[in-house]
Amino acid sequence: MKNIFVKTKNVKSFIVLANKLKNTKNNVPKMGLVFGEPGLGKTNAILWWAIQQDALIITAKNGMTPRWILKQLVSDLGEAPKILVTDLFEQAVAKLVENPRMIIVDEIDYLINNTRAIKTIRDLHDETGIPILLVGMGAVDKKLSRYKHFFDRIVEIYRFIPFDFEDVKTIINTLSDIPFEDAAIEVVYQKSNRFRQIVKIILKFENLAKTNEYKIITKHIAESELL
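Counted the way numbering that gives the first Met the number 0 counts, the sequence shown spans residues 0 to 226.
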């Protein structure tokens, strides 16, 4: 299987959103939110973007405190973290003003009930003027909306939607070392709508093709293995 980043419709929309945040003028909000169910490519998209744009990723965790967030951020910025939260905040602000970089907060759902953590992210945005992209699960937009002064700063929102047939075709044709008939891709599409599952199916058919010397995966082969 090829090691290529796949640009599905969701990914293309994410790139448009991230570019808008990056290019937003100063003195206006620069926060964005992308969310959706698991398996639609959010994690791959933000990892790819972070590498391309030298963005920082903070993966939120259960029980994460403002000090924990700031300590990780300061470390990622190449500084030795100080002890006090106020000092950590000043360290982070100074480094981000000196060298502005987008911050991506993944798994923002874990911070929904932590008012202090949410306010820390807001304050980082306000003090530095850097773009901050939040990434979460299905209903995170509604959960965040209760923080009015925070949610008002979110100017770009995109919900990752389930793959359609063209997305599945793009994934298979981009990654697979063995060609698939469109009719076989339709079988895969009916069977699975999650990126990791589609990758597993591709690997399954690549191995099957090697063992049986198939030149192409037909609808008959796909149905016999998946239905």
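Because the hints were derived from the structure by calculation, they are not lab data.
Beta carbons are placed, not taken as given, at the ideal position from N, Cα and C, and that holds for glycine.
One should not assume that every hint holds.
Stated by the list, open to error - Cut-off 25 Å, straight-line C-alpha distance, at most; resulting in silico cross-link-like pairs (DSS-like, lysine-lysine): (1) K168 x K118; (2) K1 x K214; (3) K214 x K11; (4) K94 x K118; (5) K94 x K21; (6) K142 x K168; (7) K6 x K168; (8) K214 x K199; (9) K190 x K1; (10) K60 x K203; (11) K94 x K168; (12) K168 x K147; (13) K60 x K118; (14) K11 x K21; (15) K209 x K168; (16) K19 x K1; (17) K141 x K168; (18) K118 x K8; (19) K8 x K19; (20) K118 x K24; (21) K60 x K142.
As the list claims (entries may be wrong) - Using C-beta positions, here's what the derived DEER-type ranges look like: (22) G77 x R145: 44 to 52 Å; (23) A79 x M0: 25 to 33 Å; (24) Q51 x Q196: 21 to 29 Å; (25) D151 x L207: 35 to 43 Å; (26) A182 x A138: 30 to 38 Å; (27) N112 x L225: 51 to 59 Å; (28) E185 x N206: 20 to 28 Å; (29) T114 x K203: 45 to 53 Å; (30) E224 x I14: 32 to 40 Å; (31) D176 x K147: 21 to 29 Å; (32) V96 x K203: 45 to 53 Å.
We went through each hint and held it up to the structure:
1. K168 x K118: violated, 42 Å
2. K1 x K214: holds, 17 Å
3. K214 x K11: violated, 31 Å
4. K94 x K118: Holds, because 19 Å separates the two Cα atoms, which is no more than 25 Å.
5. K94 x K21: Holds, because 18 Å separates the two Cα atoms, which is no more than 25 Å.
6. K142 x K168: violated, 34 Å
7. K6 x K168: holds, 11 Å
8. K214 x K199: holds, 19 Å
9. K190 x K1: holds, 22 Å
10. K60 x K203: Violated - the C-alpha atoms of K203 and K60 are around 34 Å apart, more than 25 Å.
11. K94 x K168: Judged against 25 Å, a Cα distance of about 43 Å means the pair is violated.
12. K168 x K147: violated, 41 Å
13. K60 x K118: It holds: about 16 Å lies between the C-alpha atoms, which stays within 25 Å.
14. K11 x K21: holds, 15 Å
15. K209 x K168: holds, 21 Å
16. K19 x K1: Since the Cα atoms of K19 and K1 sit roughly 30 Å apart, the hinted pair is violated (cutoff 25 Å).
17. K141 x K168: Cα-Cα ~32 Å, so violated.
18. K118 x K8: Violated, at roughly 33 Å.
19. K8 x K19: Holds, at roughly 17 Å.
20. K118 x K24: holds, 23 Å
21. K60 x K142: Roughly 17 Å between the alpha carbons, so the hint for K60 and K142 holds.
22. G77 x R145: 44 to 52 Å: violated, 35 Å
23. A79 x M0: 25 to 33 Å: violated, 41 Å
24. Q51 x Q196: 21 to 29 Å: Holds, since Q51 and Q196 (Cβ atoms, about 26 Å apart) stay within the stated range.
25. D151 x L207: 35 to 43 Å: Because 53 Å falls outside the window, the suggested range is violated.
26. A182 x A138: 30 to 38 Å: For A182 and A138 the Cβ distance comes to about 36 Å; the hint holds.
27. N112 x L225: 51 to 59 Å: Once the Cβ atoms are compared, 41 Å apart, the range 51 to 59 Å for L225 and N112 is violated.
28. E185 x N206: 20 to 28 Å: holds, 21 Å
29. T114 x K203: 45 to 53 Å: With Cβ atoms ~47 Å apart, the hint holds.
30. E224 x I14: 32 to 40 Å: At roughly 34 Å between Cβ atoms, I14 and E224 fall inside 32 to 40 Å, so the hint holds.
31. D176 x K147: 21 to 29 Å: The hinted range 21 to 29 Å is violated for D176 and K147, with Cβ atoms some 51 Å apart.
32. V96 x K203: 45 to 53 Å: holds, 50 Å
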